[in-house]
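Residue-level listing of the chains:
2 protein chains.
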Amino acid sequence: MVYISASTGQLIKAVLFDTFGTVVDWRTGVARDVAAFAERHRLVDLDAWAFTDAWRAKYDPSMDPIRNGTREFVPLDALHRESLISTLAEFGLDPADYDEELADLTAAWERLDPWDDSVAGLAQLGRQVIIGPLSNGNLALLLRMALRAALPWAVIIGSDVIQAYKPTPQAYRKAVHLLRLDPGEVMLAAAHNHDLAAAQRVGLATAFIPRPTEFGPGQTKDLAPEGDWDLVCSSIVDLARHFS
Amino acid sequence: MVYISASTGQLIKAVLFDTFGTVVDWRTGVARDVAAFAERHRLVDLDAWAFTDAWRAKYDPSMDPIRNGTREFVPLDALHRESLISTLAEFGLDPADYDEELADLTAAWERLDPWDDSVAGLAQLGRQVIIGPLSNGNLALLLRMALRAALPWAVIIGSDVIQAYKPTPQAYRKAVHLLRLDPGEVMLAAAHNHDLAAAQRVGLATAFIPRPTEFGPGQTKDLAPEGDWDLVCSSIVDLARHFS
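These protein sequence lines map, in sequence, to chains A and B.
For the first sequence, our numbering assigns the number 244 to the last residue and increments by one with no breaks.
For the second sequence, our numbering assigns the number 244 to the last residue and increments by one with no breaks.
Among these hints, one or two may not hold up.
Since the list gives no way to pick one copy over another, a pair counts as held whenever it fits inside one copy or between any two copies.
Lysine-lysine pairs mimicking DSS-like chemistry, simulated, CA-CA at most 30 angstroms apart [as the list claims (entries may be wrong)]:
1. Lys58 to Lys221
2. Lys174 to Lys13
3. Lys221 to Lys174
4. Lys58 to Lys174
In case anyone wonders, no lab produced these hints; they're calculated from the structure.
The following block holds chain A by itself, in its conformation from the complex (with noise of 0.2 angstroms):
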C-alpha cells in the first residue's frame, strides 16, 4: 500500500526518523555507561543519572554557534566530547585524569538500545519506503549506532554529510536533494515537536512519535502534538502500519 500525506499532497517515498530519543533511548544507554565509568574509578558519590542529564543538557546549546553561523562546522562527536569534559569539571572532576578514557566514553552515544517497537517497526516500513535517520549525530555515530543495534537503515545520512545542525531549513532540505526527491515526498518522524515544526516548515510531510520516559519518568514535554502533523503514532510500528 502506499501513502499520500495530507498536507503535502504527494506520495510519500522515504521516512527520514530522528534518531536521539526517536528511535534509541539515549538515557539508558548513555548512564549505563557512565555508571561503568564511575564503578572503575570508584567514584562512589557521581550520580549516573544526573551526569548524563547534564551532559544531555549542553547538546543543543553546542550545536547553537554552529546553528547561527559564529562557529565551523565541527561533528557532534568533537561536540559531545566537549561536552563530556565540562560534565566531568561541573561535577568536581578533573578531566585531565581521565584523558585515555574520553573518546570511549563519547562513544556511548552511538551504544544506544533501540526502543521495543524500533527495529520491527523499521524492518516493516523499510518494505515500503527508504528509511533512514535525520539526525544531528554524524555519520560515523550512526553507522556504528545502526550496526550495534540493527537498525535496518537503507541509507544513513549523518549531519556532517549536510554540514548543517536541526532545525536549520538547510538540515532537511539538503537531506531531501541528496536522496533526489521533492520536500513533499520524505516524512521526518521525530518524539520532538520542534523538529517536525522546522520540517514542516519546509515542506516535508510530519508524523509525531512520542517518547514520554525519554528524558526520564518526570518528562513534561513533548508528551503531546503541538503542531498539525500528518501522523501522530503510538510507536514506529504503528506508523509503519499506514504504509502497509
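Assemble chain B onto chain A, guided by the hints.
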C-alpha cells in the same frame, strides 16, 4: 575471524567496493534499457550494445574536468545525461525528440543486476566488517541500485557526498574520514587496477576481483592483477572467505 592486511599491518574494519563493473554488470543492464528504448521508438537499426559502449566511453572523460578542477563538481546523474545526449547525436538521433525520456533512460545506470556472487558475498562479508560502495555514483543512484538489487550495504557514501571523483586521492581519503577509520583499516575491492593503485597510494588495503566480461566478450584490460594487491579473488564470495 579477523583479517589483518599484510600491506597496511592493520585490522580491516571496512571493505568498500567499486560498484560499476565490480558489484553490478552495467553493460548488460544498460544495453537492456537501450534496447527497450529502441523498440519503443522503432529504431530498428540501433545496436544497443554499440550504443551502450559509446555511452560508457564518455564516462571517464566526462569526469576529467571535475578531477582536474576546471569544472565545478556535478553529480554523476548529470554527467550520464550529458553523455547520453551526445551519444544520441552520434547515432544520428535528435536528443530533443526524446527529451521526456532522458531522465528515465539515464536511470538505466541504477537498474543494474549484480554479478551472481555479489549479493551472497556481500551478505557474508557484512556480518564481519562494515561494507559500502566507494563509487563514482551519487548517493541517490547508489541507493536505488541497492534497493533494486538487494545489495546489503551498511552505509552508502556517494561521490556527491564526497564531492570528488575517483581516482582523485580525496575521494578515498574523505570516505575513510567519514567512517572515522584510518586508511590502513579500510580495503578497497575493485575490478580495476588503476582504482586499486590510487587507493593504495593513499594507504588503503586492496583486493582485486577480475570481472573479465565487464566490457563484453572482447575485453582486454584488467584481466590480471597489475600491482601488489593484498588479495586477488575470483568473486566477492571468495573475498568474504578471508574474513570468516
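Copy assignment of Lys221 with Lys174, given that the CA separation must stay at most 30 angstroms: within (28 angstroms within a copy, 39 angstroms between copies)
As a check of your reading, is Lys58 near Lys221 (CA-CA no more than 30 angstroms) within one copy, between copies, both or neither? Within. Shortest intra-copy distance 17 angstroms satisfies the 30 angstroms Cα cut-off; inter-copy 56 angstroms does not.
30 angstroms Cα threshold - placement of Lys174 relative to Lys58: So Lys58 and Lys174 pass the 30 angstroms test inside a copy (26 angstroms) and across (29 angstroms) alike.
Intra- versus inter-subunit Cα pairing at 30 angstroms for Lys174 with Lys13: Classified as both: same-chain Cα gap 16 angstroms, cross-chain 29 angstroms, threshold 30 angstroms.
Hint violations for this structure: none, all hints satisfied.
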